[in-house]
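Colleague: Now for the letters of each chain:
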Amino acid sequence: MAISFEIVFFGVFAGIAVILAIMMLSVKSPVHAALCLVGVMIMLAILYLMLHAYFLSVVQIVVYAGAVMVLFLFVIMFFYSPGASDPSRMSVHFTHIAGAIILAVILLAVITGSFLLSGNVSLTEKPSAAQMTDIEKPIAETSEAPLTEETSRMIEKQNPQLVGRMLFTKYLLPFELTSLLLLAAMVGAVVLARRSPPAEAGSAGGDGND
Amino acid sequence: MTDVPMFYYTTLAALLFSIGAVGVIVKRNPILIFMSIELMLNAVNLSFITYSRYLHFLEGQVYAFLLITVAAAEVAVGLAIIVALFRSKREVDVDAASLMKE
Amino acid sequence: MTLMDIVWAAVRAAAVLVVTLGGMAYLTLFERRVVGFFQRRPGPNRVGWQGLLQPIADAVKLLFKQEIIPRNADKFVYFLAPCISLTAAFMLFAVIPIQSNFAITGIDAQTSLGLIEDVNVGLIYILAISSLGTYGVILAGWSGGSKYSFLGGLRSCSQMISYELALGLAIIPVVLYAGTFSLNGIVIAQQGFFGSLLAKPVNLIALIPIAIAGVTFVISMFAETNRNPFDLPEAENELVAGYHTEYSAMKFAMFFLGEYVSIIAAGALAATIFLGGWAGPLWFGPISGIVWFTAKTMFFLYLFVWVRATLPRFRYDQLMKFGWLVLLPVALLNVILMATLVVFGIGLTPA
Numbered sequence: 001m002a003i004s005f006e007i008v009f010f011g012v013f014a015g016i017a018v019i020l021a022i023m024m025l026s027v028k029s030p031v032h033a034a035l036c037l038v039g040v041m042i043m044l045a046i047l048y049l050m051l052h053a054y055f056l057s058v059v060q061i062v063v064y065a066g067a068v069m070v071l072f073l074f075v076i077m078f079f080y081s082p083g084a085s086d087p088s089r090m091s092v093h094f095t096h097i098a099g100a101i102i103l104a105v106i107l108l109a110v111i112t113g114s115f116l117l118s119g120n121v122s123l124t125e126k127p128s129a130a131q132m133t134d135i136e137k138p139i140a141e142t143s144e145a146p147l148t149e150e151t152s153r154m155i156e157k158q159n160p161q162l163v164g165r166m167l168f169t170k171y172l173l174p175f176e177l178t179s180l181l182l183l184a185a186m187v188g189a190v191v192l193a194r195r196s197p198p199a200e201a202g203s204a205g206g207d208g209n210d
Numbered sequence: 001m002t003d004v005p006m007f008y009y010t011t012l013a014a015l016l017f018s019i020g021a022v023g024v025i026v027k028r029n030p031i032l033i034f035m036s037i038e039l040m041l042n043a044v045n046l047s048f049i050t051y052s053r054y055l056h057f058l059e060g061q062v063y064a065f066l067l068i069t070v071a072a073a074e075v076a077v078g079l080a081i082i083v084a085l086f087r088s089k090r091e092v093d094v095d096a097a098s099l100m101k102e
Numbered sequence: 001m002t003l004m005d006i007v008w009a010a011v012r013a014a015a016v017l018v019v020t021l022g023g024m025a026y027l028t029l030f031e032r033r034v035v036g037f038f039q040r041r042p043g044p045n046r047v048g049w050q051g052l053l054q055p056i057a058d059a060v061k062l063l064f065k066q067e068i069i070p071r072n073a074d075k076f077v078y079f080l081a082p083c084i085s086l087t088a089a090f091m092l093f094a095v096i097p098i099q100s101n102f103a104i105t106g107i108d109a110q111t112s113l114g115l116i117e118d119v120n121v122g123l124i125y126i127l128a129i130s131s132l133g134t135y136g137v138i139l140a141g142w143s144g145g146s147k148y149s150f151l152g153g154l155r156s157c158s159q160m161i162s163y164e165l166a167l168g169l170a171i172i173p174v175v176l177y178a179g180t181f182s183l184n185g186i187v188i189a190q191q192g193f194f195g196s197l198l199a200k201p202v203n204l205i206a207l208i209p210i211a212i213a214g215v216t217f218v219i220s221m222f223a224e225t226n227r228n229p230f231d232l233p234e235a236e237n238e239l240v241a242g243y244h245t246e247y248s249a250m251k252f253a254m255f256f257l258g259e260y261v262s263i264i265a266a267g268a269l270a271a272t273i274f275l276g277g278w279a280g281p282l283w284f285g286p287i288s289g290i291v292w293f294t295a296k297t298m299f300f301l302y303l304f305v306w307v308r309a310t311l312p313r314f315r316y317d318q319l320m321k322f323g324w325l326v327l328l329p330v331a332l333l334n335v336i337l338m339a340t341l342v343v344f345g346i347g348l349t350p351a
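Protein chains in written order, with our numbering: chain A, 1 to 210; chain B, 1 to 102; chain C, 1 to 351.
Keep in mind that the hints were calculated from the coordinates and are not lab data.
Among the clues, some could well be false.
Said to hold, decoys possible - For each label pair, taking beta carbons as the anchor points, the in silico distance ranges come out as:
#1 C/75 / A/97: 41 to 49 Å
#2 A/106 / C/191: 20 to 28 Å
#3 C/37 / A/176: 37 to 45 Å
#4 C/199 / A/23: 54 to 62 Å
#5 A/179 / C/37: 33 to 41 Å
#6 A/101 / B/8: 16 to 24 Å
#7 A/106 / B/8: 18 to 26 Å
#8 C/307 / A/114: 55 to 63 Å
#9 C/83 / A/11: 22 to 30 Å
What the hints assert, rightly or not - Footprint (simulated), chain A over chain C, 3 or more residues, beta carbon under 8 Å:
#10 66-76
#11 121-127
#12 137-147
Unchecked claim - If you want a taste of the chain A side facing chain C, the calculated C-beta under 7 Å gives, among others:
#13 13
#14 70
#15 71
Just so it is clear, CB atoms sit at the ideal spot from N, CA and C, and this is done for glycine as well.
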């Protein structure tokens, strides 16, 4: 077979992601736009699976699709009834759109160019010893070849363990800081979203806890 | 089996990032602008994870994880601000929030 | 990945689909008969022998009903919502193992049914998919363009989000004990539990947090699947029919299907995580795994019906209070308890 399934799958999912992202900007109803964004996030989760980032792929769905976008939909649904389109669309001039697209093309060219300049890495290259993670090292040392197909598969199946170990050892401080950040965000959301200070303090709590 | 070249993934990330940037510039509705920012963050995540896979650095996934967490915190506060804005102004244009200038 | 793998995965997925749909149809009959038994009346027993053809009659009735689409509905979202509900419910089955490694078929001895090969994320995948289920509810409530269904959708959405936290925390003690997110790995860990007692009798203490986790898990599963005593979306006296008020005929049937499929999935999950899934004390040939698995799932399905027939419905504020002030703290303390035990060398994780 000339073309591998992986490339076909990549093409399909990446294509859907890009189309949905463009649709997000072009559809009338904000709810439809939010649904397009959910679609993009799910496509990205599938691509993460293809990149063997299993843990991140599931976290992407739990946090982004499951919590963040539900929060978005909650807010949008409070302000728009079905069939309503976003009135602020009317105040956008054609020149704005044209200018933005030109800017975006330049941005795309710059980013892609810098990615290209940084070099293309193929998967067949073996990682050097310095690049190996702490967990890969002992496995690679005991076996003859640095990383055979078998051992790298075994390592990939342990993906949540590896990411978790890293989070709780080398990156413990950033991890703890994010928990502090989340707490601050929760308090901030509760304070901002409640109508008047004494009333309904309890009901506003649901907003921030996600 | 031939694998997908890394270049494909990075191009996809760049494309999504640019589309998000267009959204931030063009849209007037704060919710849609916010959603475009989320799209840009997702594109960054994709490139983190791509590099993590192709350079065999697990750090990329750790950064992506932290990024997702930070984005969640950001959304909680940002949406609370938008709700407060909608409530006080009954307007859906970001320019309505320029009260501090006057 | 070859073409054969993809075809094989599709065949497995189709088999699960057919079995679950059949199981779901007869779960409705089972529920009505059992509830009838609890209420000392016969229940549906007219269509076919003992009412065995009743589900088919119901399906035909729903198929031929008139479809009413509200005028001010958002058509696209209105069609999308029931599809999401049903798909999310079916996707839960992708990682539930129903056989031991001695699979009937020779191919790869793969145990989990679906697309995700036995990678170490099975349990988080379950959480992810069940969080997608909220979309069906909230979109259905909004798209009908009716206040009743919108309020119902908001209520059940916040209910599902609140209880999802308790659900997530309830499975952590099991993960801490088994040291893996893979459902098959968890079953294997449970299989080795009684064997490990001989070497380490202290391990018996681990049953305490696991049992608490089991109870919290089942309670939050009741809430996740919108079942009694948490079936507020169907609080007829306040909200007509909750989020699916505006739905009729086949689209209503899809919500109905989705609800029952997710009940089966919840039962299968509880059986896998807390009762050992396909593992059983007796081994009788290659189908033993499926038999044990089905028996344990049936037990939980009966529990679902039993609870429905016994308990009254919660009020909305009671439900939220119970979720946030009782279930969540208990689950949280339970995680700390299990973590402490693991630190002191109990469980399968090497310290």
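Colleague: Could you run down the list of hints and mark each one as holding or not?
Modeller: Status of the hints after comparison with the structure:
1. Between residue 75 of chain C and residue 97 of chain A, the C-beta spacing of about 27 Å breaks the proposed range 41 to 49 Å.
2. Hint check: residue 106 of chain A to residue 191 of chain C, Cβ distance near 60 Å, so the stated range 20 to 28 Å is violated.
3. The hinted range of 37 to 45 Å is not satisfied by residue 37 of chain C and residue 176 of chain A, whose Cβ atoms lie roughly 54 Å apart.
4. Under the hint 54 to 62 Å, the C-beta atoms of residue 199 of chain C and residue 23 of chain A, about 59 Å apart, fit the expected range.
5. Checked against the given bound of 33 to 41 Å, the beta carbons of residue 179 of chain A and residue 37 of chain C, roughly 50 Å apart, lie outside it.
6. Here the CB-CB span from residue 101 of chain A to residue 8 of chain B is close to 23 Å, well matched to the stated 16 to 24 Å.
7. The hinted range of 18 to 26 Å is satisfied by residue 106 of chain A and residue 8 of chain B, whose Cβ atoms lie roughly 21 Å apart.
8. Distance hint check for residue 307 of chain C and residue 114 of chain A: the Cβ-Cβ separation is about 59 Å, which falls inside the suggested range of 55 to 63 Å.
9. For residue 83 of chain C paired with residue 11 of chain A, a C-beta distance near 25 Å keeps the hint of 22 to 30 Å intact.
10. By the rule of at least three residues with a Cβ nearer than 8 Å to a Cβ of chain A, the coverage given for the segment 66-76 of chain C holds, with 4 such residues.
11. Judged by the Cβ-Cβ criterion of 8 Å, the segment 121-127 of chain C is covered by chain A as claimed, because 4 of its residues qualify and three suffice.
12. For the segment 137-147 of chain C, the assignment as covered by chain A holds, since 6 residues bring a beta-carbon within under 8 Å of that chain's beta-carbons and 3 suffice.
13. The interface hint given for residue 13 of chain A is broken, as the beta carbon of that residue sits about 13 Å from the closest beta carbon of chain C, more than 7 Å.
14. About 6 Å separates the beta-carbon of residue 70 of chain A from the nearest beta-carbon of chain C, less than 7 Å, and the hint is met.
15. Hint status for residue 71 of chain A relative to chain C: violated, with the closest Cβ pair at about 9 Å, above 7 Å.
Figure legend: structure checked against the earlier numbered hints; hints not met, in rising order: 1, 2, 3, 5, 13 and 15.
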